[in-house]
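Novice: Put chains Z, D and X with the ligands on the given structure of chain B with help from the hints.
Note that the protein sequences, when read in sequence, are chains B, Z, D and X.
According to our numbering, the first sequence is numbered sequentially starting from 1.
According to our numbering, the second sequence is numbered sequentially starting from 339.
According to our numbering, the third sequence is numbered sequentially starting from 677.
According to our numbering, the fourth sequence is numbered sequentially starting from 1299.
Mixed in with the good hints there might be a few duds.
What the hints assert, rightly or not - 25 Å max Cα-Cα, derived DSS-like pairs, lysine-lysine:
#1 X:Lys1888 to D:Lys1244
#2 D:Lys1278 to X:Lys1746
#3 B:Lys319 to X:Lys1746
#4 Z:Lys472 to X:Lys1500
#5 Z:Lys472 to X:Lys1408
#6 X:Lys1888 to Z:Lys472
If you are wondering where the hints come from, they were derived from the structure by calculation, not from laboratory data.
Nothing here was measured: the structure is a model prediction, and the numbers come from that model.
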Amino acid sequence: MSTVNLPVLKAADFASDQDVRWCPGCGDYSILAQMKKVLPELGIPPEQMVFVSGIGCSSRFPYYMNTYGVHSIHGRAPAVATGLKVTRPDLKVWVITGDGDALSIGGNHFVHLLRRNVNLNIILFNNRIYGLTKGQYSPTSPEGQVTKSTPMGAIDHPLNPMLLALGAEATFVARSIDAHVKHLAATLKRAAEHKGTAFVEVYQNCNVFNDGAWNYAADRATRDDNVIELEHGKPLIFGKERDKGIRLVGTKIEVVKLGNGISESDLLVHDEQGDLIHSFLLARMRRAEFPEPIGVFRDIQSPTFDDQMNDQIKLAKQKRGPGDLNQLFRSGDTWQVA
Amino acid sequence: MSTVNLPVLKAADFASDQDVRWCPGCGDYSILAQMKKVLPELGIPPEQMVFVSGIGCSSRFPYYMNTYGVHSIHGRAPAVATGLKVTRPDLKVWVITGDGDALSIGGNHFVHLLRRNVNLNIILFNNRIYGLTKGQYSPTSPEGQVTKSTPMGAIDHPLNPMLLALGAEATFVARSIDAHVKHLAATLKRAAEHKGTAFVEVYQNCNVFNDGAWNYAADRATRDDNVIELEHGKPLIFGKERDKGIRLVGTKIEVVKLGNGISESDLLVHDEQGDLIHSFLLARMRRAEFPEPIGVFRDIQSPTFDDQMNDQIKLAKQKRGPGDLNQLFRSGDTWQVA
Amino acid sequence: MSTDVASLEQSSKPVQYVSGVTVRLAGDSGDGMQLLGTQLTNTSALLGNDIATFPDFPAEIRAPRGTRAGVSGFQVQFASHEVFTPGDVVDALIAMNPAALVTNLADLRKGGLLIVNEDNFEDKDLKLANLKTSPLEEPAMENYRLVRVPMNKLTMEAVKELGLSVKEADRCKNFFAMGMVFWLYGRSMEPTLRFIRDKFSKTPDIQKANEKALLAGWAFGETTETLGASYRVEPASLTPGLYRNMMGNQALAWGLMTAAQLSGKQLFYGSYPITPASDILHELSRFKNFGVYTFQAEDEIAAVCSAIGAAYGGSMGVTTSSGPGIALKAEAMGLALMLELPMIIIDVQRGGPSTGLPTKTEQADLLQVLFGRNGESPLPVIAARSPADCFDTAIEAWRIASRLMMPVVILSDGYIANGAEPWLIPDVNQMEKIQIQHPDGSDAANFKPYRRDDMLARPWAIPGTPGLMHRVGGIEKEDVTGNISYDPENHQHMVRTREQKVANVAKMIPPATVLGPESGDLLVVSWGGTYGACMTAVKQAQEMGLSVAHLHLRHLNPFPSNLGHVLKQYRKVLIPELNMGQLRMLIRAKYLVDAIGYNKVKGKPFSVVELVEQISNVCKTA
Amino acid sequence: MSTDVASLEQSSKPVQYVSGVTVRLAGDSGDGMQLLGTQLTNTSALLGNDIATFPDFPAEIRAPRGTRAGVSGFQVQFASHEVFTPGDVVDALIAMNPAALVTNLADLRKGGLLIVNEDNFEDKDLKLANLKTSPLEEPAMENYRLVRVPMNKLTMEAVKELGLSVKEADRCKNFFAMGMVFWLYGRSMEPTLRFIRDKFSKTPDIQKANEKALLAGWAFGETTETLGASYRVEPASLTPGLYRNMMGNQALAWGLMTAAQLSGKQLFYGSYPITPASDILHELSRFKNFGVYTFQAEDEIAAVCSAIGAAYGGSMGVTTSSGPGIALKAEAMGLALMLELPMIIIDVQRGGPSTGLPTKTEQADLLQVLFGRNGESPLPVIAARSPADCFDTAIEAWRIASRLMMPVVILSDGYIANGAEPWLIPDVNQMEKIQIQHPDGSDAANFKPYRRDDMLARPWAIPGTPGLMHRVGGIEKEDVTGNISYDPENHQHMVRTREQKVANVAKMIPPATVLGPESGDLLVVSWGGTYGACMTAVKQAQEMGLSVAHLHLRHLNPFPSNLGHVLKQYRKVLIPELNMGQLRMLIRAKYLVDAIGYNKVKGKPFSVVELVEQISNVCKTA
Ligand SMILES: Cc1ncc(C[n+]2csc(CCOP(=O)(O)OP(=O)(O)O)c2C)c(N)n1
Ligand SMILES: Cc1ncc(C[n+]2csc(CCOP(=O)(O)OP(=O)(O)O)c2C)c(N)n1
Ligand code: SF4
Ligand code: SF4
Ligand SMILES: [Mg+2]
Ligand SMILES: [Mg+2]
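Chain B extracted, bound-state conformation (with noise of 0.2 Å):
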C-alpha cells in the first residue's frame, strides 16, 4: 500500500451520490463522517476500498461510500468479507454491521471472523435496539428495557460485544462514541492500522427508537464520570478531576478514590499488547458499577487467516510446482484403449 504518486484526496472523494437516507439526528451520520475523513489518511485509493454490511439501519453505509460495495443479508457479512478478504488480499475490507445484525443472527459468523483473525475491520453500530424493523430490543438492550416486543420488559442477559469478541481471542478490540467525534475518528484509524480483524463497537444513538441509551458516556456533561479513556501505558483514571482510577485486588477490580494514600502507582496500568486477562477486565468494566472504558483494548499482532491461506497456496506451488491438470489427470492408475 504505498502512497506515491497518489493524489491527495479528501473526505468527498469518498462520498458516494446517493442520498444518505437516515432519520435526521441518527448517530449514523457522525460515523459516516468520521469514516470519510479517516479515509484519505490511509492512502489507499477508494478503488481499493470495499465496505460490506448486513441487513438494519447501519447497513446502509455502503451506499453512502465511494468505494466498493455489498449490502448483504442480515448478520453474513463476515463470511461475505471472509471470502472476498483471502481471495483479495490486496483490498481493504471494512464490514459494518448493528447490535442485531451482528449479534443477534450474525453472533456465529462474527466469532469466527474473530477467532479467524481476517485481515479486516468490522464496526458495529450499537443503538441498543433494532432500527430499521422500528424498535425491538436487540441483544445489548439492558434487562427491563421495555420495546415493542418487551412490553414488560426485556428478560435476556444482555451480550457484552467486548467479552464475546475477547472470549473468541479477538486481536484488535476497541471502543469509541458516536458523539465524541474526535476519539471515534482516532479509533477508527488505529482499527484501520491493525493488521488482522479490529472490532470497534461504537455506541450509536438511534435519536427515533432508543433516544439517549447513551446519554450517560456521550453527554458532555456525565461523561467524564461514566467513561475512561484508554491510554496504553497509562494508569486508569477518570472523573471530571481525574481523580478516580481503577485498581486491581487479587482478580477483583475496584474504584478507588485518589489520594488519602491511593495514589496513581496503585492503579491498572492499561497495556493494549497484555495478556487476555487484562483486556477482559477491561470488557468487564460495565455501568453503573465501572466507568467505561473507550479506545483500544487490546491490539495484539497474530497470524492473519488470509495470510495463512495465501502462505499455504504459494507453499504448495513451491513444493509441488503448480498445478498441471494434464499431469493431474495422467497420474496413478491409467489405462490406454485403442
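Specialist: Same frame as chain B, now just chains Z, D and X with the ligands:
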C-alpha cells in the same frame, strides 16, 4: 422435584432398547455410562427428562436413553431446548452436542442459550473433530492439524469453548474427561444441580478419526502434570507430586514450583463464585503453557430465562386478570350494526 | 367536551350523499399520515361504513424529509355498500408536500378533490422533490378540484397560545388536516379526541395543541368556502352484530390466541422481527395475561426450532416471518414434518427476491412454502384472503395441524397485514372447540409413537407422561415404532404416508365453490390477498354481461377435492397473481388445464379496473 | 516382485469367457469392503472393461460389529460392452458374515456364486445378525453355488510368520478375499500390491501381511477345487484414448478446477462438510498448488456467503452441500441472484426429507433448488447424469454462470457421487476456453453496473478497478444504474429481466435429442443419475420390439427450447424419478402433456428390470 414415593431407580432404568451404534472404543460410551449412573441419583423419574441433541456422533445420545428425546438438526438443539424448557419448566432438559454442532454451525444458539441462562444442562462432547462426517477439522482442532479438509494443516485459531461460554457470561461452566469416569460423574451431577444453564465440556476421544487427541489429559501417565483438578476454596495445585501451582501476578498467571520460598498461600485459590475474571483466568490456562483445569470453573446464581418468562406471565395475570378473549374483542372502538 | 364537539360537528354547509369514497392521504414519513389514516378508518368504521385500507410506506424509517423516497401514503375506501378493496381510483387526495403530490396524482380521478398544504410548496420543497417548477402551476391542475390550504400557518395560529416550539407546533398539522377531512366527510371527531387524550396524556401541552389543531381543521372546512360541499356516506348494511376494525397481523395474533384457547393449549410463539410480520410479535407480546409465551429468538432458525421444542412439550408452537426468514426456516420445517408435530408457520409475504421490496406486497412465496425444503416434504398451506379473514385462517390452521399432527403453513402478505376492514366480533363461547387428546400412559404397554389413526395422525404423547418415553428425530423412522430405519420399503412407505396425510386434509375442508355461473366462458381463480380485487372485478364483469365466475382458493395444499371438476366447467381459466404464475403452474400440472395468467409484480395490489379489462379481453376470445 | 506376481497370476484352471459380470462385496463396516470394491474397480478398469459401481454403506461410522445395520456393500459391474449401471442382479456375492448374507441375498441371481466366510457363522455371529439358525443350512441355499471359505483361519495361516496380534492378522482378511476374487475374474494383483505398498509403507509388517493375505487368497482359488472355473471378461471397445477411473465427487472437483483454469480464474470453494458432498471438499483441499482456495466455513450459510464475497472480488465462487445444507443456503442464493454475480452451487442429493437417509441416494431436491427461495428467484439448473459426466457439468455450469452473470445450480446425487466409471481423459490444452472480461475502467464515465449486453448479462466490474466503484445489494435495484429503487414499473421490469436472463441460457444449450424413434408409442424422460438405468432399460425395450425412445434432460432450467415439440411426438410420456414426480410436475405444467410417473423413493437407484417392466406395461396401453 420431590423424591417421596419414587421407586429407587437404577442406571438400567435409563437405558433405552436401542442398540448403541458408536464405534467400539469411542469415548461416547463412557459419557453415556456416567450419565446413566448419575441420573438415578437426581430423584427425577425418566418421564420428566428430555434429551435434546443436534447432529453428530455425540448427538445420537438421546436414542440410548429411556427418557423423552429429540434428535434435532445440526446445531439447533439449544433453540429446541429453549422452546421446550420455557413452556415446560417442570421438565429436566439436557442438551447433548459436539464441538462441530455447538461451536461451528450452532455457535450462535450456544452463546444465546448461555446468556439467557435457561435452566438446562448442555454437555459438549469435544473430540476436536467432525466424527459423523468422517474426519474434517472442527473449531476446536488445534492449529496445524492435518485432517481430510486440511491436508496442509488447519490455519484457524481454535475456539476455546470455555472462553466463549464465559464471554457469554455463562453461570455454570465445567470441564471433565471421558476417561476420568468418577470426575465425569461428579461433574455431570454438579451440572444437574445447577439452576440455570450448566455448560460442561467433556474431552472425548474419537478413536477413529482423532485418536489420542486428549491423551495428555486423559492418560494416567501424563494426566497429573497436564491437568489441574479444581476444588472450591482450595489453592490451584497440580503435578504428580502435587508440587506445582498457579500464581497470579498482576493480570498474569504463571506456573510455580512449590518450595524455595513459594508456599501454598501464594497460590491462586479457586472460587466457583468468584469474579468473572477468575473464571476467565482458568479458561485461559491452556496446554502446553499451563495445566488445563477440570471441574467446576464457575457456578453462580442468576435469574433464569424460563423463570422470568413464566414470572412475567404470572404477574400479567395477577395484574390484569387472566385473559378474556370476548372482553378483548369488545375493547376499544366497536360499533353495532343492527 | 364531547357535547361541545357534537355541536361543533353539526355542519351548516350543503351536504352531498354518496355511496362510497376513496381518500388518499399522502405526506412525508414524518408527517403522521399512517396515524391520520388509521383515525379516519376507525371513525368511518364506527359510523358503520364498510371499509378497506391500504397503507404504503417507504422502507427507510425516515427517508430524507420532503423527498419522493420519503413519501408515506394511506388510502381508505369507505362505503355504504360492501367493499373488498381500498379502491382503484382516488376521489380525494390530501397532499402534504410536492413529493407527495407528484407521486400520487396519477391515481386521482379526473374532477377529484385535491387538497394541498400550500405552505410546503416553497422553492426548497420543490427542490427536495426534484422539481423545477411548482406542479400547482401546471395546466394539468385544471383536471382536479384543487384546494390550497396554508396548513402550517393555520396550525400555528390555532396552537399559538400554548407557547410551543415551532417544531412542536408544526407537528400538529396532521391533526389540522385530519379535522378538515373529518369535516369533509362528516366524520365524528370524538374517537380521535379520545385518542389524543390517551396518547398525549403525559404531555398536556401537546395534547391540547393537537386537539386545537383538529378542531381548527374542522372549523376551517366549516367556515371557509374553499372546500365547498361536504359529503356523507351512509352506514353499510353489513351482517348485524358488533364490529370492530381489524388489521391482518392483529387478526392473525388474535386468531392464534383464540385457537389456543379453543384447544386448551398454551400458545408459544417464537419469532424474529421482520417487515411486514413483526406486528404479530408486537401484538402477541401484549397478552401475557392470556398465558401467551412470546420469544424473540436470536434468528429465524432459532425461532422455528424453539416452536418445535414447545410443540414436543405439548404447547401450540407458532413461528412467523416473511420471505427471507422463511427461507432460513426451511431446514427446520423439514424436521418438524418428520417429527410429525403440530405447528403453525406463517409467511407474511413481501416483495422479493432477496431483501427485495420489504414494505411492499407480493404473492411470490407460494412455491417456496410448498417446495422450499430438501426431499419430499409436503405441508398443508392455507392462504388468508383479507385482514379479518386472518382470524379464521389461524384457527383453521390449528384445527388441521392438531388433528393431523403436522405443521401447517399460513400465507398472508404485506397488503393484508397492514390493511384493515370491519370484523364481526364472534362470541368465543359459541365457537367450536378444537379437541386435542394426549395419551395419558394408561395403556403404556401398547403405546407406539408412530402408530396412526384413521387420518394417519400419530399420537401426541408429551414428556412427563409415565411410560410413554420415546425419541423423535429427523432421520427416517420406522412407521409405528418410530425407531430409526434405513429400510428401503419403509422409506417409500413413510414418504407416501406423509403425502397421504397432507392429502387427508382435503377431507376436512369444504369443496371449492364459485361465485357466478356454474359453467361458462371464464373462471377467474384467485388466492390470498387478491381476493377482494378479483371478486369485485368479476362482479363488475358479470354486471357487464360477461359469462364469468370467480373461484377463490383458500387451500393451496391440498386443493379442494372437486377443484379439477370445477375448472373444467369453463372454456377458459384466468389466474391473476402478484407473481409470475405460481398457482397457475400448480393447476396446470395437476389438472392439465390451459390456465392463463395475469401477472403483476410491482409491489402493489391489483386494481379492479385492470382486472376487469383483463377479464373482458379473455372473454372476448373465449 | 512384479514378475513373480505375473507368473503367479497365470491360472492353470479352466477359464470361462463372459461378456460381463456383476459382483457384490458385503461385509461389516469394519471389514474394508469399500476398499476391496475400489481395488476391484480400478483393476477392472485397467483391464479395459467398462465399469459402473455402487457403494452402499450405513450412516453410522461403525455400526455395531456383525449387525445388519453395520453391513457395508460395494457392487461393481465390469463388462466387455458399454455399461451404464452397476447391474440389477448380482452374479457373485461375497458375504463376510451372516448379516451381510441375509441383507444381500435377495439380489443374487439363481445359480449365482455365493462365497461366504464360514468362520464368521458361529452362534455369536448369528445372534448379532438376529438369526436363530444359520442361513447356510437353509434349503434355499440350493439355489446358489455356495462356497464356504474359512477366511479367518486361512488368513491367520498366511500371515502367522509375521507375528502380528490376532486383531491385526484378522484385519488382513479382506485382502485374502480380494485375492480370491481377483483369481476368480483373472484380474491382475499388481495395482493392489502397489496400493498396499504405498498405503502401509510406514508399517512394514502390516504391509507384508496384507500382501501375503492377497496372494494367499489367489492361491486358494488356484489350488482348491471349490471355486471351480474362473471367468474372463474381455476389454470393452470404448472410444480409443487414455482412461482413468472416475468417481462423481472427484469429477466435480476436477471439473471445477478445469473450468477455473479455462477461464483464467482463481477458484474459491466455500463449503461445510455433509454427506455425500464432503469428498468434493476433501478433493479440492489437496490442490493448493493449483491455486485452489478451500474454505471450510462455520456453516452452510457462511459457506455460500463466502463464495459470494469471492465472486464479488472476481474469483470463481463455488459452494456445495446436500439437501439440508442447500435449504440453509436458500436466502443467500437469493442474494447472489439479485447481485447478478456468477457462481456455482452444487447439491449432491441424498435421501430426505430432513436428515432423512444421509448415505442413500434420491432425486428429491429438484423443486427445492428451483423454488426454495422467497420471491421470484429463477436460477439455471443442470443435472449430471453419471460420475464422469460430473466433470463436463461443472465446466458447463461455469460457462453459463460467467457468460450470464448469475449463479448456476448443479444437481448430483449420492449414487453418482460415490459411483465410478471410466473417464476418457481430455487434453486440457484442446478444450475450449471460457472467455471472461472485467471492464478495466478505461471507459469509467460510461460505466453502469447493471447495464446489460445482448444476453442481459451485466458487467463484472471488480474491486481494485479505478473509476468503477459501485455498490450491490439485495434490495431491488434500478436497471442500468443499480441504485436502490422502489419503483413499481422497475420492479416488474427487473423480475422479468432476471427471468429472461435464465431463459436466455436456452440459447447456449443443445436441443433435446432422443435415443430411438423420433415418434412412437412412448418417450421415457429421465434426468440426473437415473440416466444409465433408463437408457439401458429403453435399449432393452427397443430390443423387445417396443416403440419407445429415451430423452435424457441435462438442463432442468431452462428446458431445451424444442422440448415441447419432442414430447408431443409420442403417444405417452413416462418420467421415472427417484422422487414423487418433480420433473413430471414441471413438464405437465409447462407443456400440458399427460406425463406419467414411475416413482421410487427407497434410497436406492432404479433397477433396469423394473424399468423395462414399467415401460412394457405403459406401451401395452399406448
Ligand atoms: C433474514 C432476515 N431476518 C430479519 C430481517 C429484518 N431485519 C432487518 S434489520 C433487522 C435488525 C436491525 O437491527 P440492528 O442490526 O441493530 O441494526 P440497526 O437498524 O439498529 O442499525 C432485522 C431484524 C431481515 N432483513 N432478514
Ligand atoms: C445442515 C447440516 N450440515 C451438515 C451436516 C453434516 N454433519 C453432520 S454431523 C456434522 C459434524 C459433526 O461434528 P461434531 O458436532 O463435532 O460431532 P461428532 O460427530 O464429532 O460427535 C456435520 C458437519 C448436517 N447433518 N446438517
Ligand atoms: S431508526 Fe434509529 S438507527 Fe435507524 S436511522 Fe433512524 S435514528 Fe438511526
Ligand atoms: S467416529 Fe469417532 S466420535 Fe464417532 S462414534 Fe466413531 S469413535 Fe466415536
Ligand atoms: Mg441496532
Ligand atoms: Mg466432534
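Novice: Next step is simple, just say for each hint if it's right about the structure.
Specialist: Comparing the hints with the structure gives:
1. X:Lys1888 to D:Lys1244: holds (18 Å)
2. D:Lys1278 to X:Lys1746: Holds. D:Lys1278 to X:Lys1746 sits at ~23 Å (cutoff 25 Å).
3. B:Lys319 to X:Lys1746: At roughly 43 Å apart (the allowed maximum being 25 Å), X:Lys1746 and B:Lys319 break the hint.
4. Z:Lys472 to X:Lys1500: Given that 25 Å is the threshold and the Cα spacing comes to 22 Å, the pair holds.
5. Z:Lys472 to X:Lys1408: Violated: Z:Lys472 and X:Lys1408 sit about 37 Å apart, past 25 Å.
6. X:Lys1888 to Z:Lys472: violated (43 Å)
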